[in-house]
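Participant: Based on the sequences and whatever the hints tell you, model everything.
All residue numbers for the sequence shown refer to our numbering, where the first residue is 1 and numbers rise by one.
Heads up, some of the hints might be wrong.
[To be verified] Calculated cross-link-like contacts (lysine to any residue; reagent style SDA-like; alpha-carbon spacing at most 20 Å):
| # | residue 1 | residue 2 |
| --- | --- | --- |
| 1 | K99 | G285 |
| 2 | K99 | P127 |
| 3 | K99 | I129 |
| 4 | K99 | E221 |
| 5 | K99 | E125 |
| 6 | K99 | R33 |
| 7 | K99 | E32 |
| 8 | K99 | L201 |
| 9 | K99 | D286 |
| 10 | K99 | D190 |
| 11 | K99 | V16 |
| 12 | K99 | N13 |
| 13 | K99 | L34 |
| 14 | K99 | I133 |
| 15 | K99 | E294 |
[As the list claims (entries may be wrong)] Ranges between beta-carbon positions, derived for each pair:
| # | residue 1 | residue 2 | range |
| --- | --- | --- | --- |
| 16 | P158 | A112 | 19 to 29 Å |
| 17 | P269 | P184 | 24 to 34 Å |
| 18 | V96 | D54 | 39 to 49 Å |
| 19 | D79 | T188 | 52 to 62 Å |
| 20 | H43 | L238 | 26 to 36 Å |
| 21 | D257 | D190 | 20 to 30 Å |
| 22 | T67 | F273 | 15 to 25 Å |
| 23 | A181 | E125 | 17 to 27 Å |
| 24 | H173 | V119 | 22 to 32 Å |
| 25 | L238 | H173 | 15 to 25 Å |
| 26 | A94 | I227 | 44 to 54 Å |
Since the hints were made in silico from the structure, they are not lab data.
Where a beta carbon is used, it is the ideal one built from N, C-alpha and C, also for glycine.
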Amino acid sequence: MHQMNDLRRIDLNLLVILDVLLSEQHVTRAAERLHLSQPAVSHALARLRDLLEDPLLVRQGRSLMPTSRALALAAPLADALAQMQALLAPDRFAPVSAKRTFRLAMSDYGAALLLPGLVHTLRREAPGIDLLIIHASREGMVEGVLNGDIDLAAGVFPDLPAELRSTPLFEEHYACLVDRASLPEGDTLDLPTYLARPHVLLEMRGSGTPEIERALTAIRERRHVAISLPHWGVAPQLIRGTDLILTVSSRSLLNLDHQHLLAVPPPFPIPTFAFVLAWHSRRGGDPALQWLIEQVENVLS
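Facilitator: Dropping the structure here:
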């Protein structure tokens, strides 16, 4: 309650500036995002410090680190601004004249599936909407949506916090990518071969693919990971001409060199999973965001 009383003593422009400063933790970047001069943002920060009787952001290297007071203000501030935006937003969203920037988080797998169709739609129907694509781990995506740094996150999120909302985009299953010549017995991969051969693991900041490891644990087996990568781009090239196996989402294997590479089912059961789009519940009243969610859904419909 104390924090909300503080917020009521500050005009809306200062609230907006504080919200962006807490997100960017950098005066110059905040000024660019707000379309203000750097001195204007610095002056606003000085006023906020005086009104709230707290430094709010303390310089550490090239960034500004939030104080404990600023961190306590961040959530109620974001909620208050989201409610104000929903209150003042027009009942109808006009894509053709809209001017917005949305921050979308997704892996390169998600980007390959979503972005070509989504970008074509935006250029045709909403050319004033810009996209900032963020690459993060599952945990980083969820945290970004929670703290307001990310508008939408596309990915696999088995356990979303109660504050987030989601819609499923499709159901996905795993497949194994191998060099076609490495399976002389045909187009199937048996369990002894799978376990005997080395594997490529795609992971980012330790998030890995826990579904595969859990499935192996369920049959009391383990695999040997010879190469661990944080990104998809080069992974298929590592398979061609080697005995390596890459177990990944099947849709990521659709446009590969199938003359030399072969996608086969895993030789043990791995549960399917839902690929979803997630956003914060406080953004539910933003008609522009809801329109964008509908466009993402249409891309995969």
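Participant: All hints are to be evaluated individually against the structure, with a verdict given for each.
Facilitator: Evaluation of the provided hints:
no.	hint	in the structure
1	K99 to G285	17 Å, holds
2	K99 to P127	8 Å, holds
3	K99 to I129	5 Å, holds
4	K99 to E221	53 Å, violated
5	K99 to E125	12 Å, holds
6	K99 to R33	13 Å, holds
7	K99 to E32	15 Å, holds
8	K99 to L201	40 Å, violated
9	K99 to D286	14 Å, holds
10	K99 to D190	54 Å, violated
11	K99 to V16	17 Å, holds
12	K99 to N13	19 Å, holds
13	K99 to L34	13 Å, holds
14	K99 to I133	17 Å, holds
15	K99 to E294	18 Å, holds
16	P158 to A112: 19 to 29 Å	22 Å, holds
17	P269 to P184: 24 to 34 Å	25 Å, holds
18	V96 to D54: 39 to 49 Å	44 Å, holds
19	D79 to T188: 52 to 62 Å	54 Å, holds
20	H43 to L238: 26 to 36 Å	53 Å, violated
21	D257 to D190: 20 to 30 Å	24 Å, holds
22	T67 to F273: 15 to 25 Å	40 Å, violated
23	A181 to E125: 17 to 27 Å	47 Å, violated
24	H173 to V119: 22 to 32 Å	27 Å, holds
25	L238 to H173: 15 to 25 Å	22 Å, holds
26	A94 to I227: 44 to 54 Å	49 Å, holds
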